[in-house]
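Protein chains in written order, with the working numbering: chain A, 1 to 360; chain B, 361 to 769.
Incorrect hints may have been included.
Listed below are the simulated DSSO-like cross-link pairs for lysine-lysine, each with C-alpha atoms no more than 30 Å apart in a straight line [to be verified]:
{"id": "1", "chain 1": "A", "residue 1": "244", "chain 2": "A", "residue 2": "335"}
{"id": "2", "chain 1": "B", "residue 1": "760", "chain 2": "A", "residue 2": "247"}
{"id": "3", "chain 1": "B", "residue 1": "729", "chain 2": "B", "residue 2": "646"}
{"id": "4", "chain 1": "A", "residue 1": "247", "chain 2": "A", "residue 2": "332"}
{"id": "5", "chain 1": "B", "residue 1": "646", "chain 2": "A", "residue 2": "335"}
{"id": "6", "chain 1": "A", "residue 1": "46", "chain 2": "A", "residue 2": "335"}
{"id": "7", "chain 1": "B", "residue 1": "460", "chain 2": "B", "residue 2": "394"}
{"id": "8", "chain 1": "A", "residue 1": "332", "chain 2": "A", "residue 2": "46"}
{"id": "9", "chain 1": "B", "residue 1": "769", "chain 2": "B", "residue 2": "729"}
{"id": "10", "chain 1": "A", "residue 1": "332", "chain 2": "A", "residue 2": "244"}
{"id": "11", "chain 1": "B", "residue 1": "646", "chain 2": "A", "residue 2": "332"}
{"id": "12", "chain 1": "A", "residue 1": "244", "chain 2": "B", "residue 2": "760"}
To be clear, the hints were calculated from the coordinates, so they are not data collected in a lab. Remember, it's a predicted structure, so these values are computed and weren't measured experimentally.
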Amino acid sequence: MTDLLYSEEEEALRAAVRGLLTDHCAPAGVIARTESDAPHDLALWKSLTEGMGLAGLLVPEERGGQGATHREAAVVLEELGRAVAPVPYLTSAVVATEALLACADEETAGLTADLASGRRIGALAVGLHTAPGGTFRAVRVEDGRLHGELTGIADAAVADVLLVPAEDGGLYAVEADAVAVTPRVSLDLTRPVATVALEGAAGRRLGDAEPAVRRALRAGAGLLASEQLGLAEQALTETVRYLKERKQFNRPVGGFQALKHRLAQLWLQVVNLRAAARSAADALARGEGVDVAVAVAQAYAAPVAVHAAEEALQLHGGIGMTWEHPVHLHLKRAKADSLAYGTAGAHREELAALVDLQAP
Amino acid sequence: MTDSPIDATELRRRTSELLAAQPPATTDRLDFLKARFDAGLAWVHYPEGLGGLGAPRSLQAVVDAELEAAGAPDNDPRRIGIGLGMAAPTILRHGTEEQKRRFLRPLWTGEEVWCQLFSEPGAGSDLAALGTRAVRDDGGTSRSSAAESGGCWVVNGQKVWTSSAHLARWAILIARTDPDVPKHQGITYFLCDMTDPGVEVRPLRQITGEAEFNEVFLTDVRIPDSRRLGGIGDGWRVAQTTLNNERVAIGGMRLPREGGMIGPVVRTWRERPELRTHDLHQRLLKLWVEAEVARLTGERLRQQLVAGQPGPEGSGMKLAFARLNQEISGLEVELRGEEGLLYDDWTMRRPELVDFTGRDAGYRYLRSKGNSIEGGTSEVLLNIVAERVLGLPAEPRTDKDVAWKDLAK
Numbered sequence: 001m002t003d004l005l006y007s008e009e010e011e012a013l014r015a016a017v018r019g020l021l022t023d024h025c026a027p028a029g030v031i032a033r034t035e036s037d038a039p040h041d042l043a044l045w046k047s048l049t050e051g052m053g054l055a056g057l058l059v060p061e062e063r064g065g066q067g068a069t070h071r072e073a074a075v076v077l078e079e080l081g082r083a084v085a086p087v088p089y090l091t092s093a094v095v096a097t098e099a100l101l102a103c104a105d106e107e108t109a110g111l112t113a114d115l116a117s118g119r120r121i122g123a124l125a126v127g128l129h130t131a132p133g134g135t136f137r138a139v140r141v142e143d144g145r146l147h148g149e150l151t152g153i154a155d156a157a158v159a160d161v162l163l164v165p166a167e168d169g170g171l172y173a174v175e176a177d178a179v180a181v182t183p184r185v186s187l188d189l190t191r192p193v194a195t196v197a198l199e200g201a202a203g204r205r206l207g208d209a210e211p212a213v214r215r216a217l218r219a220g221a222g223l224l225a226s227e228q229l230g231l232a233e234q235a236l237t238e239t240v241r242y243l244k245e246r247k248q249f250n251r252p253v254g255g256f257q258a259l260k261h262r263l264a265q266l267w268l269q270v271v272n273l274r275a276a277a278r279s280a281a282d283a284l285a286r287g288e289g290v291d292v293a294v295a296v297a298q299a300y301a302a303p304v305a306v307h308a309a310e311e312a313l314q315l316h317g318g319i320g321m322t323w324e325h326p327v328h329l330h331l332k333r334a335k336a337d338s339l340a341y342g343t344a345g346a347h348r349e350e351l352a353a354l355v356d357l358q359a360p
Numbered sequence: 361m362t363d364s365p366i367d368a369t370e371l372r373r374r375t376s377e378l379l380a381a382q383p384p385a386t387t388d389r390l391d392f393l394k395a396r397f398d399a400g401l402a403w404v405h406y407p408e409g410l411g412g413l414g415a416p417r418s419l420q421a422v423v424d425a426e427l428e429a430a431g432a433p434d435n436d437p438r439r440i441g442i443g444l445g446m447a448a449p450t451i452l453r454h455g456t457e458e459q460k461r462r463f464l465r466p467l468w469t470g471e472e473v474w475c476q477l478f479s480e481p482g483a484g485s486d487l488a489a490l491g492t493r494a495v496r497d498d499g500g501t502s503r504s505s506a507a508e509s510g511g512c513w514v515v516n517g518q519k520v521w522t523s524s525a526h527l528a529r530w531a532i533l534i535a536r537t538d539p540d541v542p543k544h545q546g547i548t549y550f551l552c553d554m555t556d557p558g559v560e561v562r563p564l565r566q567i568t569g570e571a572e573f574n575e576v577f578l579t580d581v582r583i584p585d586s587r588r589l590g591g592i593g594d595g596w597r598v599a600q601t602t603l604n605n606e607r608v609a610i611g612g613m614r615l616p617r618e619g620g621m622i623g624p625v626v627r628t629w630r631e632r633p634e635l636r637t638h639d640l641h642q643r644l645l646k647l648w649v650e651a652e653v654a655r656l657t658g659e660r661l662r663q664q665l666v667a668g669q670p671g672p673e674g675s676g677m678k679l680a681f682a683r684l685n686q687e688i689s690g691l692e693v694e695l696r697g698e699e700g701l702l703y704d705d706w707t708m709r710r711p712e713l714v715d716f717t718g719r720d721a722g723y724r725y726l727r728s729k730g731n732s733i734e735g736g737t738s739e740v741l742l743n744i745v746a747e748r749v750l751g752l753p754a755e756p757r758t759d760k761d762v763a764w765k766d767l768a769k
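Work out the full structure, taking the sequences as your base and the hints as a guide.
This is how it looks when you write it as structure tokens:
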């Protein structure tokens, strides 16, 4: 049966990650980093991976990982979403890792263990906006070399290895120094996208692209809901805190009923999102009812996370509009997340087929 | 008594014993229910001697499954929902031993139906403003009897939105016993005999055409002091037990996927492809997702309760349930096209049971309008969430330190 709660171990994991992020991922630092040459925080990545072993949660112990499940990875993502942490956890430790796990062990052994340890970072070279059932671009294979250009690749700028779908139906591992990665100016500066150009790049075939990409995007979409939950909850918490403090008309702004009701409605949505996100994480962990649980979570999560960030901005008033205040980190991540791994609308379309509610 | 711990195995053993002693096929329904109560298998989380065994509430499902499989009769819980969901937990928590022994057994078996005399024409969301008066009469009148040896109370006033009043043997009643103190302090909680000659029940017809509710007029109704629940002036606190359970009862029903209001509309969608439009499809998918997420939230809430980690999430369930019922049933009327212009029956009737998902789409649409009013309006519930869960400042009050008699009426 679906377990929608958090275990004691999961709560302990949450506390550990939150402690680390509180000390090493303060909003001011994240904002400053977004405009630097290194938007990703690799020191934080090292603490999360080498220090805590979190990149290997989804990888079985015999393949070099921690042998945990999507439930634990979801808790990590809640905390990373709360902090809008600029680390490639979702893209490398979830999506690229799932793609590798879909391929045969003997082809991926070293690479899987590398990603699980966090020593190397991987990126699936499929546009971030692609839904689990959606079409994706593949590169040409000529004389055993890969040719083509792939766009919208999240966290490619920091990847050591790219997992590239090719027109021959294969998924290839390509070293980052064999391709040209051009960062694009991204809406979400904490998870920037890049264009990846391959001009006769050497690649090693890992397995079939189609099932690997499907599985990777499905897991990414399902666990993204937990990132969105953490983000939405933080936006709500911070807004409630501010509105108790901020005074206008000689009283706390949070005492005005028009605002109280908006925050109560938002709280209700966050409570609902928690159930949807836990349902998706639990389904992925058990491998049961995955398609519906993930589609439901993604059809629900994105509008809630965006709404939470938008409400946070509006209810903070002028201060929320400044570059200095962190609410824009949440807004930009939430809006970019609403496109990641398929829009809410794309997931609803998928549900129409899954639960037999056919279009006219 | 056996010393066995009350676990699932032990409950199965006791259920088998009950079934062996009172075979459902040859036992009178009421006799079976009484025996089940006396075996402690009515509500296992209640104390021994009061229909329970002091076992975890989650184990009730074990007993229910065994009895259902054996074809045993149940107590028709939907017919006695107010008794089970509101009166019983309040009597259990605040009643005297004598009251618990007198009332809980016939309440649970359904021999005695209960209703709730709380709301008044002048006291809706502001329930504590109620004006029904209870005045102490220490005996000496011709109607006094041995049962009134502790004195009695004479009650006058009007209550409204009382479901089941026309069927009820007993009522939970709150009335003002002291008008000279602020409103929350002068209220006392009573168990009122609905057969008292001073109780008059009149049907209250609602927008669906039928009358599931009543107005209840109380004229010199005499209630013995032994039927007071909790202390004099303590009625507001006692009533919180009732009201908290009401919200759980309204928002907390366990549902399978596509249970509840979404069920009829998705069936129509699948069976009647000619009714489909693109606009309705988009809206239906959105509501389907929201209904599924609300179901998961309810499931998560139940898992929290079972795990002994009750959270504030319960306050939100009724809000979500009300809005979804209204939006889904509204969509269904539109989906039906020309048939949406029709209504099954406006005849004034007195339904014994209320099924929000029953009858036709028009009925469901109209009845669901009450979901955001009954048991606490959505607006009041949003205030409660904002203040008690989020800790935002309370509404400014002008009525807190004023005697009830001096409030604007």
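Results for each hint:
Restraint check: the Cα-Cα separation between residue 244/A and residue 335/A comes to about 27 Å, which is no more than 30 Å; the hinted pair holds. With a C-alpha separation of about 24 Å, the suggested pair residue 760/B and residue 247/A falls inside the 30 Å cut-off, and the hint holds. Taking the CA atoms of residue 729/B and residue 646/B, the gap is about 20 Å. The hint holds against a cut of 30 Å. At most 30 Å may separate the alpha-carbon atoms for a hinted pair to count; residue 247/A and residue 332/A meet this at roughly 27 Å.
With a C-alpha separation of about 19 Å, the suggested pair residue 646/B and residue 335/A falls inside the 30 Å cut-off, and the hint holds. With a CA separation close to 27 Å, the supplied pair residue 46/A and residue 335/A stays within the 30 Å bound. For the hint linking residue 460/B to residue 394/B, the alpha-carbon distance of about 15 Å falls within 30 Å, and the restraint holds. Restraint check for residue 332/A and residue 46/A: satisfied, since their Cα atoms lie roughly 25 Å apart, inside the 30 Å limit.
A hinted pair counts as satisfied when its Cα atoms are at most 30 Å apart, and residue 769/B with residue 729/B qualifies at roughly 27 Å. A distance of roughly 25 Å separates the Cα atoms of residue 332/A and residue 244/A; the hinted pair therefore holds under the 30 Å criterion. Straight-line distance between C-alpha atoms of residue 646/B and residue 332/A comes to about 24 Å, which keeps the hinted pair within the 30 Å bound. For the hint linking residue 244/A to residue 760/B, the alpha-carbon distance of about 23 Å falls within 30 Å, and the restraint holds.
In the structure shown, no violation is registered for any of the earlier numbered hints.
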